[in-house]
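Chemist: The lines below spell out each chain.
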Amino acid sequence: MADTGIHSNEIHQGASLTLGNERLREAYRSSTLRLLNHRELAIAEVPGFERLRDRAREVKRQTIEHLDYYLAQFADRVEQNGGRMHWASTAQEVCRIVVDIARASGAQEVVKAKSMIAEEVELNHALEANGIRAVETDLGEFIIQLAGDRPAHIVAPAIHKTREDVSELFVKHIHAPPTVVPEQLTAIARRALREMFQNSGLGVSGANFAVAETGTVVLVENEGNIRMCSTVPRVHVVLVGIEKLIPNLVDLGIFLRLLGRSATGQKLTTYTSFLTGPRRPGEDGPEEMHVVIVDNGRTKALADPKMREMLYCIRCGACLNTCPVYRKIGGHAYGGVYSGPIGALVTPELAGIGQARELPFASSLCGACREVCPVRINIPDLLLHLRSEAQEHAPQRTPSLIPERRMFRLWAWGMRHPQMYALGTRLARWGQILLARQGWVRKIPIFPASQWTQGRDFPALAPMAFRDRWKQLRGK
Amino acid sequence: MGKPRVALFITCLADQFLPNVGECVVKILRRLDVEVTFNPAQTCCGQPAFNTGYRDEARSVATRVLDLFDDADYIVAPSGSCTAMVRVFYPELFADDPARLRKCAQVRERFFEFSEFLVNILKVEDVGASFAHRVTYHDSCHLLRELGVGEAPRKLLRKVRGIDFVELQDYKLCCGFGGTFSVKFPEVSVPMGEDKVRAAQETGAEYLVAADGGCLMHISGLIHRQGLPLKTLHLAEVLAQQESG
Numbered sequence: 001m002a003d004t005g006i007h008s009n010e011i012h013q014g015a016s017l018t019l020g021n022e023r024l025r026e027a028y029r030s031s032t033l034r035l036l037n038h039r040e041l042a043i044a045e046v047p048g049f050e051r052l053r054d055r056a057r058e059v060k061r062q063t064i065e066h067l068d069y070y071l072a073q074f075a076d077r078v079e080q081n082g083g084r085m086h087w088a089s090t091a092q093e094v095c096r097i098v099v100d101i102a103r104a105s106g107a108q109e110v111v112k113a114k115s116m117i118a119e120e121v122e123l124n125h126a127l128e129a130n131g132i133r134a135v136e137t138d139l140g141e142f143i144i145q146l147a148g149d150r151p152a153h154i155v156a157p158a159i160h161k162t163r164e165d166v167s168e169l170f171v172k173h174i175h176a177p178p179t180v181v182p183e184q185l186t187a188i189a190r191r192a193l194r195e196m197f198q199n200s201g202l203g204v205s206g207a208n209f210a211v212a213e214t215g216t217v218v219l220v221e222n223e224g225n226i227r228m229c230s231t232v233p234r235v236h237v238v239l240v241g242i243e244k245l246i247p248n249l250v251d252l253g254i255f256l257r258l259l260g261r262s263a264t265g266q267k268l269t270t271y272t273s274f275l276t277g278p279r280r281p282g283e284d285g286p287e288e289m290h291v292v293i294v295d296n297g298r299t300k301a302l303a304d305p306k307m308r309e310m311l312y313c314i315r316c317g318a319c320l321n322t323c324p325v326y327r328k329i330g331g332h333a334y335g336g337v338y339s340g341p342i343g344a345l346v347t348p349e350l351a352g353i354g355q356a357r358e359l360p361f362a363s364s365l366c367g368a369c370r371e372v373c374p375v376r377i378n379i380p381d382l383l384l385h386l387r388s389e390a391q392e393h394a395p396q397r398t399p400s401l402i403p404e405r406r407m408f409r410l411w412a413w414g415m416r417h418p419q420m421y422a423l424g425t426r427l428a429r430w431g432q433i434l435l436a437r438q439g440w441v442r443k444i445p446i447f448p449a450s451q452w453t454q455g456r457d458f459p460a461l462a463p464m465a466f467r468d469r470w471k472q473l474r475g476k
Numbered sequence: 001m002g003k004p005r006v007a008l009f010i011t012c013l014a015d016q017f018l019p020n021v022g023e024c025v026v027k028i029l030r031r032l033d034v035e036v037t038f039n040p041a042q043t044c045c046g047q048p049a050f051n052t053g054y055r056d057e058a059r060s061v062a063t064r065v066l067d068l069f070d071d072a073d074y075i076v077a078p079s080g081s082c083t084a085m086v087r088v089f090y091p092e093l094f095a096d097d098p099a100r101l102r103k104c105a106q107v108r109e110r111f112f113e114f115s116e117f118l119v120n121i122l123k124v125e126d127v128g129a130s131f132a133h134r135v136t137y138h139d140s141c142h143l144l145r146e147l148g149v150g151e152a153p154r155k156l157l158r159k160v161r162g163i164d165f166v167e168l169q170d171y172k173l174c175c176g177f178g179g180t181f182s183v184k185f186p187e188v189s190v191p192m193g194e195d196k197v198r199a200a201q202e203t204g205a206e207y208l209v210a211a212d213g214g215c216l217m218h219i220s221g222l223i224h225r226q227g228l229p230l231k232t233l234h235l236a237e238v239l240a241q242q243e244s245g
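These protein sequences, in sequence, are chains U and F.
According to the working numbering, the residues represented by the first sequence are 1 to 476, in order.
According to the working numbering, the residues represented by the second sequence are 1 to 245, in order.
Since the hints were derived computationally from the structure, they do not count as laboratory data.
Don't be surprised by glycine CBs; every beta carbon is placed ideally from N, CA and C.
Any given hint could turn out to be false.
Simulated crosslink set (DSBU-like; lysine-lysine; CA at most 35 angstroms straight-line) [what the hints assert, rightly or not]:
hint, chain 1, residue 1, chain 2, residue 2
1, F, Lys3, F, Lys184
2, F, Lys103, U, Lys471
3, F, Lys155, U, Lys471
4, F, Lys27, U, Lys471
FRET-style restraints, in silico, Cβ to Cβ [unchecked claim]:
hint, chain 1, residue 1, chain 2, residue 2, range
5, F, Arg5, U, Arg23, 57 to 65 angstroms
6, U, Val181, F, Leu228, 37 to 45 angstroms
7, U, Trp413, F, Asp33, 38 to 46 angstroms
8, U, Ala428, F, Asp67, 24 to 32 angstroms
9, F, Leu32, U, Asp304, 46 to 54 angstroms
10, U, Glu213, F, Ala95, 35 to 43 angstroms
Using the sequences and the accompanying hints, generate a full structural model.
Modeler: Okay, structure coming up:
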């Protein structure tokens, strides 16, 4: 039974599941480390890498600021190339469009390339509800489909699964012989999927980039399953989030140089496909190509001058790999399709802050994500913005005696009145006599301070504050 | 031009929990012939409220900071966190208030973190310190990534007589304090800190040094809970050390 709905406000429970599981913790730690190390080696080879990032950010900024123009241009070109354009405002509309195309084409089975946006709109669920079988052909997605899981990472959806986990799934669901040799597991999946490609009448993919100037959809992959999904079946459906647009092929070059290196440390992925319309007479490929432009909350981010920067994302996953929080709690804890630092922005923004008000707080704001983001999204700044949105529009009930906002109002008042600050700290010094031993407090009974002493000691207030010592220091 | 005049921004954490840090900053600056003043009306930069999403409350506290410090030559804080709040985030808080934004610009251009003040403004790396111990250094996130200060603390530490400075594995990795993150997500904050402590132990260092009170309270709190021999010091406390006798 696949996980559906947003569970982001249950992040503490989700985090505990990973934190309490030795195998999961090690899977996340070692996989993200490997991806990070590969990235470092790959970007060291490009002397102008920092300038590429600046340029990429600028191209994205310009495109997002004029998205209506580029979308219109892209749509015209797609139709000129023989493709069919569709526009979907909501997740439900996306599903309805794809189901209608599937019905019209007579397809009983749909082969799917890995597509985060398809996960976002729960396309498989809609297809199955309409009696159409949806098969994930990306190995990682194939694995999590068998497990009924959501993707745990933007680039490597099964990052949390060990080879033992995969073997168990294959034995159970596709009657495969047990093995933990990766090459054998891959061969088993390949054999199972090969048949699917041949028999399916409809392939669905996302898009890594959509080039406005030429109406070209660009897809990158290592396995070749996207090639199969987009060329073997008679009909190909492409789901394109509005933010995937880039102006032209020259700009595309900048992004292709950044994406592979940032994501997996590859100069380029094994296959890079440029799809410009369905097949022309005498060619190979799908007879029909449908491009579905997807909103699903993106225009809301677009309209917000602060949050629109989140739309620059090229889905490389580097921010996940470097995030010390993601690396500890794993992808599922974020409770949505997108995880890690970018997930903490995208989920609240697309689903509404009320559904995911905890996510912006699940960060120490260290800034490591911004350091690796190929388009230099100022993630910590956007998280801070969402925090104030959360307090404004989705305030939380906590187990504290005084509501948090009132606590901070009192705190701010104390900070504006130094005599109150002095009085407050003097009272705290008397209060801590009961709690402190040799300069340390082992347990603070009041929430939220009690959260500190769960795992560490709290230093007692110094006997004499600096401002009281200054009287002696001043004279010297 | 006379002696440079520095108004000390003590930071609420140093004021109440690590007052020795303030004393060390004063001692070092005086050693370098800098006049130090302290306005006892100061309290906090407002970051705890800002960090937690309460911008109005943060703004009310920040406004006061602008009023208290508007006539200092330099304002120096022994914290990258508070310095980043003023230099990087105050403009966001006052974006809709042109008069305060102007005042903010004047304060920001004179506001420095302690190590960057010594190295970049006073142009000093050798403060006459002496500390014959093995020491490793943790880069606080705001200091490193918001202010770009990573070299200054190292330059200062390397000039300390007798010091055995060892780089920490993953020195840039967040310690897990993160302000309110430390109490909102203790289940992540604590393991992150434990990784940092383990890395410090692996260097064989006697002291783990950092330039921010928040990181130090979190890390030392973990060390104390686990009963480990590792000691923590603020950068200013190391730089204030001199040979006895």
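Chemist: Taking each numbered hint in turn, which are not upheld by the structure, reported in ascending numerical order?
Modeler: Hint 1 is the one this structure does not satisfy, whereas the remaining hints hold.
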